[in-house]
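Taken in order, these protein sequences are the chains called V and A.
Following this note's numbering, the numbering of the first sequence begins with 236 at its first residue and continues without gaps.
Following this note's numbering, the numbering of the second sequence begins with 76 at its first residue and continues without gaps.
Keep in mind the hints are simulated off the structure, nothing from the lab.
Using N, Cα and C, we set each Cβ at its ideal position, and we do this for glycine too.
A portion of the hints provided could be inaccurate.
[Claimed, not checked] Incomplete in silico selection of chain V near chain A, CB under 10 Å: (1) PHE260; (2) ALA286; (3) HIS340.
[To be verified] List of simulated lysine to any residue pairs, SDA-like, C-alpha gap at most 20 Å: (4) V:LYS344 / A:LEU272; (5) V:LYS355 / A:ASN269; (6) V:LYS344 / A:ILE296; (7) V:LYS344 / A:VAL268; (8) V:LYS307 / A:LEU171; (9) V:LYS307 / A:LEU187; (10) V:LYS358 / A:LEU267; (11) V:LYS358 / A:LEU272; (12) V:LYS344 / A:ASN292; (13) V:LYS307 / A:GLY345; (14) V:LYS355 / A:GLY345; (15) V:LYS355 / A:VAL268; (16) V:LYS358 / A:ARG266; (17) V:LYS307 / A:ILE298; (18) V:LYS327 / A:GLN281; (19) V:LYS307 / A:TYR295; (20) V:LYS307 / A:ARG186; (21) V:LYS344 / A:ARG266; (22) V:LYS358 / A:TYR265; (23) V:LYS327 / A:GLN280; (24) V:LYS327 / A:ARG277; (25) V:LYS358 / A:VAL268; (26) V:LYS314 / A:ILE298; (27) V:LYS355 / A:GLN280; (28) V:LYS355 / A:LEU272; (29) V:LYS327 / A:GLY345; (30) V:LYS327 / A:GLU284; (31) V:LYS344 / A:ASN269; (32) V:LYS327 / A:ILE298; (33) V:LYS307 / A:ALA294.
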Amino acid sequence: MSPLLQVKNVTKKYGGLTANNAISFDVAENEILSVIGPNGAGKSTLFKMIASFTPTTSGEVIYQGERISNLKPHIVARKGVVRTFQETTIFKSMTVRESVVVAQHLRAKASLAGYFWGSKTAKDDVTAFEKYADELLEFLGMSEISNEQASNLPQGSLRALGIAIGLATDPKVLLLDEPFAGMNHDETMNMVKLVRSVRDERGVTVMLVEHDMPAVMNISDRIVVLNFGEKIAEGTPSEIQSNEKVIEAYLGSVDDEIGM
Amino acid sequence: MLGFTSKQLVGVGIFLFVIFIGVPLIINATGRWDFYFTLTSVALLAIASAGVWLTFYIGRINIGQGAFALIGAYVSAILVVKAGWSFWISLPVAGLFAAVVAILIGLPILRLRGVYFAMITLVLTQVVTLTALALPITNGAKGISNIPLPSGISLLGIPILPDFAGMENTKLAFYFTACIIMVLTYAALYRLVNSRLGHLCRSMQQNEELASSIGVNIAYIRIVIFAISSFFGGLGGAMFGSIAQSVYPSSFQVADSVNFMLNCFLGGLGYVFGPMLGTLVLYFGWDLLFEFGKYQMLIYSTILIIIIRFLPNGLLSIRFDKGGDK
Ligand SMILES: Nc1ncnc2c1ncn2[C@@H]1O[C@H](COP(=O)(O)OP(=O)(O)OP(=O)(O)O)[C@@H](O)[C@H]1O
Ligand SMILES: [Mg+2]
């Protein structure tokens, strides 16, 4: 079977700095693939190029046989490749539920004019959005905070809200940039379970960037390792844990962190 | 009904009663006929301000509505005087023309945010004024005067819109027309804000990056909103020209553009009906301070600063502080 998403020779240069240098790898359908590497290795940059938030300098990203790099982010999102953000990125003065409702707008059946005049289809849409929002929040264990204003949420819930918003768009590939940042051990383990059920129950292919090594080793089917913009390794968690290059270039100094 | 709560319906009912029945009764009783002109002006300025409020709603500070009001006024005047069109047809065309200009200008400038967008819009009014001075069709500094009053329209022999020239009380007719257009404008604005487009605007206002990550075509929505905003500007301007029966390059100036923006700030950016209240208060506030002569501007500005300092969410926030209603 051909891969769902292919990163092909992708390079990104910021002036003299090469943030990504000729990166290539494939992502299979229904896979959880992590991208790891030290700070500044170019992980977020890679995700931004996959979601077309920034153009590639050269190379391309292919999704279902179609190039999705160097387009507009909303077009890539409409095709089903959706990213979350490393920084806290929310709709501040919306409630959790409102955010998840608005994120479903791509599923709207009625036209904008239909909404303006309040057509039957538009009303049905809204009912469906609200119902799905409640289901999704229930699934994510966020029902209790569904009427909280986003700006009032603690850090852990903000991360979860970011994922909820991403999931509400009904993506086929979800790119999570540091989804466990700012979470304690229990919250992280809970989120690991959730991400896994997102894949298992909703058939979403997940790519994630994370610094939390135990979590990464636990959740990933495969791992891609970046260092100074270069891909230095790719493989299953156990392959990565025993990869000479990885240990030397990156993990060697943080043995404890990776739990080897 | 129509997505309104009963409390809101009562409010709307009272409002309509006041402007269409209460005000004429009071003016009749007191004989202050000049008030019709004042209130008509307020209604028309409120229409243009509604447009400015809408650009605020996508997170852009718009100090250029005077430009679009001026464009609307000229387009209507030219169509009526030079092409012999009915004013009633020229009115929507003036709005549409302003909207098309907004699309052309908006394409390059709507990428800018914050103070950069504001600065460019601030220049627009001056650009349109200078264009009106330079073009032959706008008659330069002489402007277009002697615009005839709106003529009637009838369809299949049934009069739909009256002939203003044949009326005894054109002031009342203009007042009613302005109020009807204002009510329609705000009804449309209310629907828009509470529909999907409004929710997408809100998402953009709060976080453009996140909005595009969920598939919102932010560039497109910005243009659509700016076009609608300028349509309201053109509409208000065209009505003004018709009432004044003349248009000059100075009919709308940078100061007017600033006032449209202040109307929104004062009324409250979070409330659809904010700009209407803001326009009323600012217009009358300025007039009431007339007695202070050369200190008028000083006192006016001071009061404005104090209001904006202590009521950053506008006058309507006093009433809606707890309800959080729109
Ligand atoms: N917009 C930009 N302009 C210039 N340089 C940039 C830009 N964005 C990122 N960089 C640089 O590119 C390199 C890679 O950044 P990137 O954010 O992709 O790293 P990262 O692997 O996500 O790091 P972290 O783990 O800290 O999030 C860094 O050196 C960074 O300074
Ligand atoms: Mg990063």
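Hints, verified against the model:
1. PHE260: violated (22 Å)
2. ALA286: Constraint on ALA286 (chain V) satisfied, holds at 7 Å.
3. HIS340: holds (6 Å)
4. V:LYS344 / A:LEU272: holds (14 Å)
5. V:LYS355 / A:ASN269: holds (16 Å)
6. V:LYS344 / A:ILE296: holds (18 Å)
7. V:LYS344 / A:VAL268: Holds: LYS344 (chain V) and VAL268 (chain A) sit about 19 Å apart, inside 20 Å.
8. V:LYS307 / A:LEU171: Cα-Cα ~29 Å, so violated.
9. V:LYS307 / A:LEU187: holds (17 Å)
10. V:LYS358 / A:LEU267: Roughly 15 Å separates the two Cα atoms, so the pair holds.
11. V:LYS358 / A:LEU272: Given pair LYS358 (chain V), LEU272 (chain A) holds - Cα atoms ~14 Å apart, limit 20 Å.
12. V:LYS344 / A:ASN292: holds (17 Å)
13. V:LYS307 / A:GLY345: Distance ~30 Å between LYS307 (chain V) and GLY345 (chain A) Cα, so the pair is violated.
14. V:LYS355 / A:GLY345: Violated, at about 28 Å.
15. V:LYS355 / A:VAL268: Status holds; Cα separation ~18 Å.
16. V:LYS358 / A:ARG266: holds (13 Å)
17. V:LYS307 / A:ILE298: It holds: about 16 Å lies between the C-alpha atoms, which stays within 20 Å.
18. V:LYS327 / A:GLN281: Holds, at roughly 6 Å.
19. V:LYS307 / A:TYR295: holds (12 Å)
20. V:LYS307 / A:ARG186: holds (14 Å)
21. V:LYS344 / A:ARG266: holds (18 Å)
22. V:LYS358 / A:TYR265: holds (17 Å)
23. V:LYS327 / A:GLN280: holds (10 Å)
24. V:LYS327 / A:ARG277: holds (10 Å)
25. V:LYS358 / A:VAL268: Roughly 15 Å between the alpha carbons, so the hint for LYS358 (chain V) and VAL268 (chain A) holds.
26. V:LYS314 / A:ILE298: Judged against 20 Å, a Cα distance of about 23 Å means the pair is violated.
27. V:LYS355 / A:GLN280: Since the Cα atoms of LYS355 (chain V) and GLN280 (chain A) sit roughly 28 Å apart, the hinted pair is violated (cutoff 20 Å).
28. V:LYS355 / A:LEU272: It holds: about 17 Å lies between the C-alpha atoms, which stays within 20 Å.
29. V:LYS327 / A:GLY345: holds (14 Å)
30. V:LYS327 / A:GLU284: Holds: LYS327 (chain V) and GLU284 (chain A) sit about 13 Å apart, inside 20 Å.
31. V:LYS344 / A:ASN269: Given pair LYS344 (chain V), ASN269 (chain A) holds - Cα atoms ~17 Å apart, limit 20 Å.
32. V:LYS327 / A:ILE298: Not OK: LYS327 (chain V) and ILE298 (chain A) at ~24 Å, beyond 20 Å, violated.
33. V:LYS307 / A:ALA294: holds (10 Å)
The structure fails hints 1, 8, 13, 14, 26, 27 and 32 (numbered hints given earlier, in ascending order).
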